[in-house]
Amino acid sequence: MSAPIPDPSVPAIDVQDLHKYFGENQVLRGIDFHVDAGSVVCVIGPSGSGKSTLLRCVNRLEEPTSGKIFVEGVEVTDPDVNLDELRSRIGMVFQSFNLFPHLTVLNNLTIAQQKVKKRSKDEAVEVARRTLEKVGLAHREDAYPAHLSGGQQQRIAIARALSMSPDLMLFDEPTSALDPELVGDVLDVMRNLASEGMTMMVVTHEMGFAREVGDNLVFMDGGVIVEEGDPAEVLGNPQHERTQSFLSKVL
Amino acid sequence: MSRRQRAQAGRLVQYAILAVAVVVIALVADWTTLRTQFFNSQILPSLFPELITTALKNTILYTACAFAFGLALGLVLALMRLSSIGPYRWISTTFVEFFRGVPALIVFIGFYYGLPVAFPGRVLPGGTLGVVTVALGLVGAAYMAETIRAGIQAVPKGQMEAARSLGMTHSRAMISIVVPQAFRIILPPLTNELILLTKDSSLVYVVGLGLADSELTDFGRRNLSQYVNLTPLFAAALCYLLITVPLSIVVRRMEARSEKAR
Ligand SMILES: Nc1ncnc2c1ncn2[C@@H]1O[C@H](COP(=O)(O)OP(=O)(O)OP(=O)(O)O)[C@@H](O)[C@H]1O
Ligand SMILES: [Mg+2]
Numbered sequence: 001m002s003a004p005i006p007d008p009s010v011p012a013i014d015v016q017d018l019h020k021y022f023g024e025n026q027v028l029r030g031i032d033f034h035v036d037a038g039s040v041v042c043v044i045g046p047s048g049s050g051k052s053t054l055l056r057c058v059n060r061l062e063e064p065t066s067g068k069i070f071v072e073g074v075e076v077t078d079p080d081v082n083l084d085e086l087r088s089r090i091g092m093v094f095q096s097f098n099l100f101p102h103l104t105v106l107n108n109l110t111i112a113q114q115k116v117k118k119r120s121k122d123e124a125v126e127v128a129r130r131t132l133e134k135v136g137l138a139h140r141e142d143a144y145p146a147h148l149s150g151g152q153q154q155r156i157a158i159a160r161a162l163s164m165s166p167d168l169m170l171f172d173e174p175t176s177a178l179d180p181e182l183v184g185d186v187l188d189v190m191r192n193l194a195s196e197g198m199t200m201m202v203v204t205h206e207m208g209f210a211r212e213v214g215d216n217l218v219f220m221d222g223g224v225i226v227e228e229g230d231p232a233e234v235l236g237n238p239q240h241e242r243t244q245s246f247l248s249k250v251l
Numbered sequence: 001m002s003r004r005q006r007a008q009a010g011r012l013v014q015y016a017i018l019a020v021a022v023v024v025i026a027l028v029a030d031w032t033t034l035r036t037q038f039f040n041s042q043i044l045p046s047l048f049p050e051l052i053t054t055a056l057k058n059t060i061l062y063t064a065c066a067f068a069f070g071l072a073l074g075l076v077l078a079l080m081r082l083s084s085i086g087p088y089r090w091i092s093t094t095f096v097e098f099f100r101g102v103p104a105l106i107v108f109i110g111f112y113y114g115l116p117v118a119f120p121g122r123v124l125p126g127g128t129l130g131v132v133t134v135a136l137g138l139v140g141a142a143y144m145a146e147t148i149r150a151g152i153q154a155v156p157k158g159q160m161e162a163a164r165s166l167g168m169t170h171s172r173a174m175i176s177i178v179v180p181q182a183f184r185i186i187l188p189p190l191t192n193e194l195i196l197l198t199k200d201s202s203l204v205y206v207v208g209l210g211l212a213d214s215e216l217t218d219f220g221r222r223n224l225s226q227y228v229n230l231t232p233l234f235a236a237a238l239c240y241l242l243i244t245v246p247l248s249i250v251v252r253r254m255e256a257r258s259e260k261a262r
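These protein sequence lines map, in sequence, to chains A and P. Reminder that position 124 of the first sequence reads as 124 in our numbering, one-by-one numbering, no gaps. Reminder that position 15 of the second sequence reads as 15 in our numbering, one-by-one numbering, no gaps.
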């Protein structure tokens, strides 16, 4: 499957002055940020800083309180937007995999293709097999998720998102729930995806991945973007005191 | 006495009490009368084949129809209860509270005598079967709605989120992803509900049954008065156990299995 051809003139994700409250609790305090088509942006920051909330606002799994978000030029925050169609073009990978446990691996990959993309069964299966091949799990298509290791489940979850032929992918700490020895396989899949030109926004604690694969690195704390820039720069020579103290704890 | 000896003595006493009770009952009971009253070998053969071909068949038929209707309605009520639209929630809550709070017998009577008054000239289609299906189904639906709602809420939130993130609508995600998982979770309590409905199908006697519509309890009572003997009732009771005991074994198996899966 060839990755979508990025149109560099329109940012894949464009977030403008985004605010988000959970009740009284202000979680995002004015986020401005964009992801260029075909680039990989990694988001890091301490727990509770609002990374997941930001990511989940992009496909409106969370409802922004104010501000605007555009995906490929389409306003996600427009109340009249066709959210389901939009979401079908935005792949999402969760920390806890969230595979459908009552369906086989193959059906996990075909169900949304058929029900949302209205692909024929044959076509859906063909696409599913091709994506399974890509994540190295073609031989497990008849298995149920419960019979797979965490690393395999997460690769299936990535394949499930990919089989919708998305234009961009969101990852929320995809390796945080995995045993250390299983992290590598998942990162390999993501690395390949990036090298094919997929647009990716990745919340992660894997600084090595961010440095090597990321085109841009965003450090968040307390609901704001404290610092962003070239990953090697930010990681190697952080300008802000908060970034320095965070990195000194995790590196 | 050591602790162990004391525990042993205690157990011995318990066995002794049991033995005495059994002996006393055996001596006091009038075995000949008991056999002729409850297990009369002259009467028993004459109950066949109607006991099976009419009574047991009707009990199963009534229960199955009421269960199917109740399950479908229960699912609708559960989804209404979880709806974001207020009136749907209120209607569902009111329905559930009403039919759970009122004796099933009253529902039957209400349906049989109340409907013709409320809708003169109209009858529920399907005769006796129609009445049982609806009356018993409504009661079953009220209980099953709560079970199904709990099952839906027990499905992890991430499932709905994953489905929505793939572009599925809320209803599509419910139908294809959440509800199938909910039913797996609630299979044991639903089977228990089926057992309850099997027994409650006996309440249909209040609508007055023709011979062909007779189910187990009615059949037992009819023959009880005909033979002035309890054997028919005892036979009917055994038929109920024939249905309910295997079901409750199935439930226990399922519960043990899901215990292990955890
Ligand atoms: N659904 C919710 N309801 C109420 N508060 C929430 C909800 N989701 C998140 N929060 C709060 O918002 C804040 C930011 O949460 P978020 O999950 O975005 O942080 P995070 O940066 O992803 O942290 P972590 O690294 O632990 O995943 C936290 O204080 C959290 O308690
Ligand atoms: Mg998070």
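Hints should not be assumed to be uniformly reliable.
Derived lysine-lysine pairs resembling DSSO-like cross-links, with alpha carbons at most 30 angstroms apart [what the hints assert, rightly or not]:
#1 A:Lys134 / A:Lys118
#2 A:Lys117 / P:Lys157
#3 A:Lys68 / A:Lys117
#4 A:Lys134 / A:Lys115
#5 A:Lys121 / P:Lys157
#6 A:Lys68 / P:Lys157
#7 P:Lys199 / A:Lys115
#8 A:Lys121 / A:Lys134
#9 P:Lys157 / P:Lys57
#10 P:Lys157 / A:Lys134
#11 P:Lys199 / A:Lys118
#12 A:Lys117 / A:Lys134
Residues from chain A shown here face chain P by an in silico Cβ test under 10 angstroms; the list is partial [said to hold, decoys possible]:
#13 Ser88
#14 Ile90
#15 Gly91
#16 Leu99
#17 Thr104
#18 Leu106
#19 Ala112
#20 Arg160
#21 Leu170
#22 Glu173
#23 Gly236
#24 Asn237
#25 Pro238
#26 Gln239
What the hints contain is simulated information worked out from the structure, not anything from laboratory work. Think of the CB as a built atom: it goes at the ideal place given N, C-alpha and C, for glycine as much as any other residue.
Status of the Asn237 (chain A) interface restraint (C-beta, 10 angstroms, chain P): violated (36 angstroms)
Hint check: 10 angstroms Cβ-Cβ cutoff, Gln239 (chain A) to chain P: Nearest chain P Cβ about 35 angstroms off; hint violated.
Restraint status (C-alpha distance of Lys134 (chain A) to Lys115 (chain A) at most 30 angstroms): Distance ~23 angstroms between Lys134 (chain A) and Lys115 (chain A) Cα, so the pair holds.
Pair hint outcome, Lys157 (chain P) versus Lys134 (chain A) [Cα-Cα no greater than 30 angstroms]: holds (28 angstroms)
Hint consistency between Lys117 (chain A) and Lys134 (chain A) [alpha-carbon to alpha-carbon, up to 30 angstroms]: holds (21 angstroms)
Satisfaction of the Ile90 (chain A) interface hint, Cβ to chain P closer than 10 angstroms: holds (7 angstroms)
Interface restraint verdict for Gly236 (chain A) against chain P (beta-carbon cut-off 10 angstroms): Interface hint status for Gly236 (chain A): violated (34 angstroms vs cutoff 10 angstroms).
Restraint check for Lys199 (chain P) with Lys115 (chain A), where alpha carbons must lie at most 30 angstroms apart: Between Lys199 (chain P) and Lys115 (chain A) the Cα gap is close to 42 angstroms, so the pair fails against 30 angstroms, i.e. violated.
Restraint check for Lys117 (chain A) with Lys157 (chain P), where alpha carbons must lie at most 30 angstroms apart: Judged against 30 angstroms, a Cα distance of about 23 angstroms means the pair holds.
Restraint status (C-alpha distance of Lys134 (chain A) to Lys118 (chain A) at most 30 angstroms): Status holds; Cα separation ~23 angstroms.
Satisfaction of the Thr104 (chain A) interface hint, Cβ to chain P closer than 10 angstroms: This interface hint is violated because 13 angstroms lies over the 10 angstroms limit.
Restraint check for Lys68 (chain A) with Lys117 (chain A), where alpha carbons must lie at most 30 angstroms apart: Holds: Lys68 (chain A) and Lys117 (chain A) sit about 27 angstroms apart, inside 30 angstroms.
In summary, the numbered hints that this structure violates are 7, 9, 11, 17, 18, 22, 23, 24, 25, 26.
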